[in-house]
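*Asks:* Letter by letter, the chains look like this.
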Amino acid sequence: MIRPQDDIHNATAAADVEEPSSAVLAAPSAVVWKPLNWAKSNLFDSVPNAIMTLLAVLLLWEVVPPLLSWGVFNATWFSADGTAAACRDGTGACWALMGEKNRLMLFGVYPYDQHWRPALATALVIAMLATSALRRFWVPALAYAWLGVVLVVAWLMWGGILGLRYVETPQWGGLPLTLGLALLGIVLAFPLSIVLALGRRSNLPAIRAVCTGYIELVRGVPLVSVLFMASVMFPLFLPEGVTIDKLLRALVGMTLFTAAYLAEAVRGGLQAIPRGQEEAADALGLPYWRKMRLIVLPQALRLVIPPIVNQFISCFKDTSLVTIVGLYDLLAATKASLADPDWRPFFVEGYIAAALVYWVFCFSMSRYSQWLERELATGTRR
Amino acid sequence: MKALKTLATIAAVIVGSSPAFAGSTLDAVKAKGFVQCGVNLGLYGFSAPDEKGNWSGLDVDVCRAVAAAVFGDSTKVKYTPLSAQQRLPALQSGEIDMLARNTTHTLSRDTANGLNFTVTNYYDGQGFMVPTKLGVKSAKELNGATICVLPGTTTEQNLADWFRANKMTFKPVVIEKNEELTSAFFSGRCDSFSSDASQLAAVRANEAPNPADYTILPELVSKEPLAPAVRHGDDQWLDVVRWSIFAMIAAEEKGVSMANVDQMAATSADPEVKRLLGVTAGNGKALGLDEAWAKTIIKQVGNYGESFERNVGMGSKLKIARGQNALYNQGGLMYAPPFK
Numbered sequence: 001m002i003r004p005q006d007d008i009h010n011a012t013a014a015a016d017v018e019e020p021s022s023a024v025l026a027a028p029s030a031v032v033w034k035p036l037n038w039a040k041s042n043l044f045d046s047v048p049n050a051i052m053t054l055l056a057v058l059l060l061w062e063v064v065p066p067l068l069s070w071g072v073f074n075a076t077w078f079s080a081d082g083t084a085a086a087c088r089d090g091t092g093a094c095w096a097l098m099g100e101k102n103r104l105m106l107f108g109v110y111p112y113d114q115h116w117r118p119a120l121a122t123a124l125v126i127a128m129l130a131t132s133a134l135r136r137f138w139v140p141a142l143a144y145a146w147l148g149v150v151l152v153v154a155w156l157m158w159g160g161i162l163g164l165r166y167v168e169t170p171q172w173g174g175l176p177l178t179l180g181l182a183l184l185g186i187v188l189a190f191p192l193s194i195v196l197a198l199g200r201r202s203n204l205p206a207i208r209a210v211c212t213g214y215i216e217l218v219r220g221v222p223l224v225s226v227l228f229m230a231s232v233m234f235p236l237f238l239p240e241g242v243t244i245d246k247l248l249r250a251l252v253g254m255t256l257f258t259a260a261y262l263a264e265a266v267r268g269g270l271q272a273i274p275r276g277q278e279e280a281a282d283a284l285g286l287p288y289w290r291k292m293r294l295i296v297l298p299q300a301l302r303l304v305i306p307p308i309v310n311q312f313i314s315c316f317k318d319t320s321l322v323t324i325v326g327l328y329d330l331l332a333a334t335k336a337s338l339a340d341p342d343w344r345p346f347f348v349e350g351y352i353a354a355a356l357v358y359w360v361f362c363f364s365m366s367r368y369s370q371w372l373e374r375e376l377a378t379g380t381r382r
Numbered sequence: 001m002k003a004l005k006t007l008a009t010i011a012a013v014i015v016g017s018s019p020a021f022a023g024s025t026l027d028a029v030k031a032k033g034f035v036q037c038g039v040n041l042g043l044y045g046f047s048a049p050d051e052k053g054n055w056s057g058l059d060v061d062v063c064r065a066v067a068a069a070v071f072g073d074s075t076k077v078k079y080t081p082l083s084a085q086q087r088l089p090a091l092q093s094g095e096i097d098m099l100a101r102n103t104t105h106t107l108s109r110d111t112a113n114g115l116n117f118t119v120t121n122y123y124d125g126q127g128f129m130v131p132t133k134l135g136v137k138s139a140k141e142l143n144g145a146t147i148c149v150l151p152g153t154t155t156e157q158n159l160a161d162w163f164r165a166n167k168m169t170f171k172p173v174v175i176e177k178n179e180e181l182t183s184a185f186f187s188g189r190c191d192s193f194s195s196d197a198s199q200l201a202a203v204r205a206n207e208a209p210n211p212a213d214y215t216i217l218p219e220l221v222s223k224e225p226l227a228p229a230v231r232h233g234d235d236q237w238l239d240v241v242r243w244s245i246f247a248m249i250a251a252e253e254k255g256v257s258m259a260n261v262d263q264m265a266a267t268s269a270d271p272e273v274k275r276l277l278g279v280t281a282g283n284g285k286a287l288g289l290d291e292a293w294a295k296t297i298i299k300q301v302g303n304y305g306e307s308f309e310r311n312v313g314m315g316s317k318l319k320i321a322r323g324q325n326a327l328y329n330q331g332g333l334m335y336a337p338p339f340k
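Those protein sequence lines, which keep their order, are chains A and B.
All the letters of the first sequence, read from the start, carry residue numbers 1 to 382 under UniProt numbering.
All the letters of the second sequence, read from the start, carry residue numbers 1 to 340 under UniProt numbering.
Treat the hints with care, since some could be wrong.
List time: in silico DSS-like cross-link candidates among lysine-lysine, alpha-carbon distance up to 25 Å [what the hints assert, rightly or not]:
#, chain 1, residue 1, chain 2, residue 2
1, A, Lys246, B, Lys32
2, A, Lys335, B, Lys32
3, A, Lys246, B, Lys78
Computed from the model, here is a short list of chain B residues facing chain A with C-beta under 10 Å [said to hold, decoys possible]:
#, residue
4, Gly38
5, Thr80
6, Gly94
7, Ser316
Bear in mind the hints are in silico, worked out from the structure with no lab data behind them.
All values derive from a computational prediction rather than experimental measurement.
We treat Cβ as the ideally placed atom computed from N, Cα and C, and that holds for glycine.
Bound-form chain B, shown alone (with noise of 0.2 Å):
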């Protein structure tokens, strides 16, 4: 696997320092007819088949999102199902239109890899779960725990470079396997289970005998901010993509819904509700789309929180809480710049 990230990491090098694609990724996606999509083989919530191969997820959601706005049509979606090692050089070569694959954004890959983030659409990060009887409300209380952890660099390096940080210390129980180390934590072997916030919901929701025996702890201490990303070198397709996802967290922000979208874009007073349904044109004429794009987007995807809570959130298996993904007014990071 090492061997291949090194290809993978030359195959982008050599690309990223070539010169853009020539050629408008918007007009060649409008001539096909379709965007193509670079998601997960299968992360549940996120992108994955379901039983009859339907695609579904948070990050599926935005490639529909882009497709609503492009072609006003959220099913003019091709998915490419690519692996870790693949995805950054799919992106590149031209094979996929856009990557929504939950890929972290960094400054690497920003840069040599010749990749451009659009907006981060799910905040995760390493945290823990513990059994609530224990009584722990932070992780701070951890001192001196025993702690469930795959072995492997970043999960095992951030929890010892936290515990540093906070002057405290912590018996790792590393474990290969993913269901033997879920099953040693709920037979109490430890006391906290580190891992992605959104594993640990998963985990609980569906292997604890009983999920509200177990608590996740409010503290993160990674950062892994999960973005959509295009090729260098497009500025108007970065735009359509970016925007696009800006529409769905701003269409939450005012309330707009799948529901009441038609209601608002008739009704409403707000001249920022207005701009962003295209009632007052000027937008989609300058991302180069039909104005009521962001409308189509929030009548056939809906806006983020509805795209959360169907994916993740409470109305899915993860029961994921809002969190970081919430609102920037409602203690969240999700935060749109003004549609004007």
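The following block holds chain A by itself, in its conformation from the complex (with noise of 0.2 Å):
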């Protein structure tokens, strides 16, 4: 609803405003302050949202500056002499921490001199995915990119060959390995749930039935118990001397959880194309499996891309649930580096730190999807 009079000054503002006696008020003063006539319409046009408006403004003054003071202005950013006493004299936050510890934080138990290889791999992994993620970069190409990225990280983390020294897994730390962690099991999860959800939606009984019972009998239980199973129960019965990577137990035991979730928002796309779908690509003579690449899942998967990145998400923020089989991911790596009593005081810097951390990817993913879903809508926005 936009008044012609109003949208030369001030269009998107006024917008959602509808009153037309507070419009006929602010008029004239529009022209000579945008930013008060703004406000009178937005936040003081009744009597509950003035109210509402004052509280607003007080709580943030009771907030923000002793937010600030602490957090910036009386904050010690750095220790000269490597301990918390500059940090216990001051009264702000004490970022000195994350000078001290940001190693074992980011990397863990990894060898100290080494740490250059999980920097340079997490690195590389980043940068690989922000290519991936531009349209212009979906070429076959990409995929032996990838698969060049992946040897390269591999090599990197566990060397042994080409004059890198052998590092073995239980040592992998900090953010590598909740990012490795993370990826890897969304990566393996997503083609094992469109099996699942696909199997589950199967007309074949057999596989109907075991494609359900593994969805339920997974999404029946917490990740925790399923990673206590993997990592503790299952060495229990397997012949003496045989032992499974700890890493690689908690990556299937990721895996198979998340697939399981993933698998049912799958379903519900595949649920939303029309009948009619498949019944043209049944009348075309395609084949199954060409009809659901072609014809079914474009459609279904696009149509899910908020689930799905849901579920992303929350594999990302499930892998710090790792520390319970004895895996320093990033979270347990920050509270490995606030065990030493000097610095013990500030553990809330060291938990704001890792916050950021984990905010910082999930909300990309979660902008990133919100792009992917509007470059995919293409030719069915309505």
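Put the two chains together into one complex; each comes in its own frame, and the hints tell you how they fit.
*Replies:* Printed below as a string of structure tokens:
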């Protein structure tokens, strides 16, 4: 409802204002001072709204200045002698903690002099992710690039050949571990989830029963107990002397868990595709897999981008549960660096830093999915 | 968490009741070339990685001592950080060779869970801290006091039991979060603060405005003997771990330290020292180790007193007094049987 007299000055701000009275009152001053006009029509247009506005301002006044003085103005940014003494004397946040402990937080117990390896591997993966996100790079060569990057990353992390020292997986930790678990978990779970979703809608009773049973079984237990089973119970049933890498066990547990949830999201998409689409494909004589690949899945998956990304984000954050099986993910590494009694009083700063890292990754995923939805919806936009 | 504990217990019982592992752990350890040692994910003073990822602590020193005894090299250890739920099944499944993760020795763990505890390397217990200015010298004077305590069955329960047994009363101030609890105590909300003695010491050293203003009372109201453990069914390996710890304790008693171990081995006339350091042969062979096993431990890790001071004692950030962890002849509980 854009009124003609307003749209030159503040078309967007006035777009959701409907009362003609305020618009009439505001119109003359709008030319002089736009913010006042906007505030009157949006923040103080009724008594309850005015009260809410005042309360909100009061709340911000109470919260923001102390937060800024704690986090910025009175904060201790550096520790000259490597101890927490400077922080104890200060009244604000102790960001010097990051300066002292960032390596343990980011890389866990990976050998200290080799930290450049996980750092480089993480940077490579993030760069590849950023590249792959752009549509203009969606070419077959991208797959080969990924293959190359995966090999290089594996070489960097494990080493053992070409001059790099061998570092076994129990020593991996921090951000590379979190990122690796989340990425591999997602990448492996996604195809599995499609198979499970298709299987659950299959006409063959045996396949349908297996897929339904799997999904319901896995969805019925918490991830913590899946991880616990994978890393604690599972080895008890193996013959003596046979051990499977702990990281691999955790990864398999996470993948199987995520796949069950994703499968239900995918199934939601499959159910939204009108029956006619499949029938048309049948009429064309397309065999099952081609029908799915060319007609059904492209439409179904596009529909369920929001729940799928939801699951990805939750998978990323779920990686923090692997601490239960003794792996140092980002959060566990942060906790370990706070075990030092010197720095223990500054735990809030440590957790804020870890939260920020999680937020950056999750928020990026969320924004990207919104962009992807718009990008792929070309042609069906209403 | 409760469900997890149940799962862990079930796992423990399944394995605990199954036949013991075949084959000797010592041979297996020698063959693979390192000791796989289960430790805490991060408990300062006992086992924690520093900012460079190097492990240190009182429990870590036990792992290092065993490696020194077996290989003559205390660095031949691989650490497996374990959560509280994981630690027992990890030992039973053979994922680790020994568990040195501040684990309290109890009857059920010793039996149904299929563990063999070696030697207590730290006697902990729930204690009290009070402001020095109150002039309280004993917990028996705390009748009617308000006491800051974390919620949870054991800490509160121990307190209630102890006060009832002594026909006294107290007012608990229960606060969920550790940090809030300590700041409540230091701001004067309670007369006393009750937790494990090692924790009290750490809190006093690092969170008190002025550590000298606070006193930790001598009474402990619960017993928490922390001991490294091995699997049931391998007595030889049990002996190796047990005597590695005894060697450290005996060395302190005999005044053998990192600095003087070579000199003592060369010059000491004390038959016990000679046997301990392998000058008089026999002990090494009996354990299936090199005769210099204990000498190597002391040279590379130190005696118990040195390890204690370095990790949790006055030489560390925790500044815990020896207390019950002093040698038996100095009023503590640390006692090694004869080396003969």
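*Asks:* Compare the structure with each hint and give your call.
*Replies:* Hints, one by one, checked against the model:
With a C-alpha separation of about 18 Å, the suggested pair Lys246/A and Lys32/B falls inside the 25 Å cut-off, and the hint holds. Restraint check for Lys335/A and Lys32/B: not satisfied, since their Cα atoms lie roughly 31 Å apart, outside the 25 Å limit. The hinted pair formed by Lys246/A and Lys78/B meets the criterion: a straight-line CA distance of about 14 Å does not exceed 25 Å. The beta carbon of Gly38/B comes within 9 Å of a beta carbon in chain A, closer than 10 Å, and the hint placing it at the interface holds.
Look at Thr80/B: its Cβ gets to within about 6 Å of chain A, closer than 10 Å, so that hint holds up. With a least beta-carbon distance of about 6 Å to chain A, the hint placing Gly94/B at the interface is held under the 10 Å criterion. Residue-level restraint check for Ser316/B holds (minimum Cβ-Cβ distance to chain A is 9 Å; threshold 10 Å).
Taken one by one, the earlier hints fail for this structure only at number 2.
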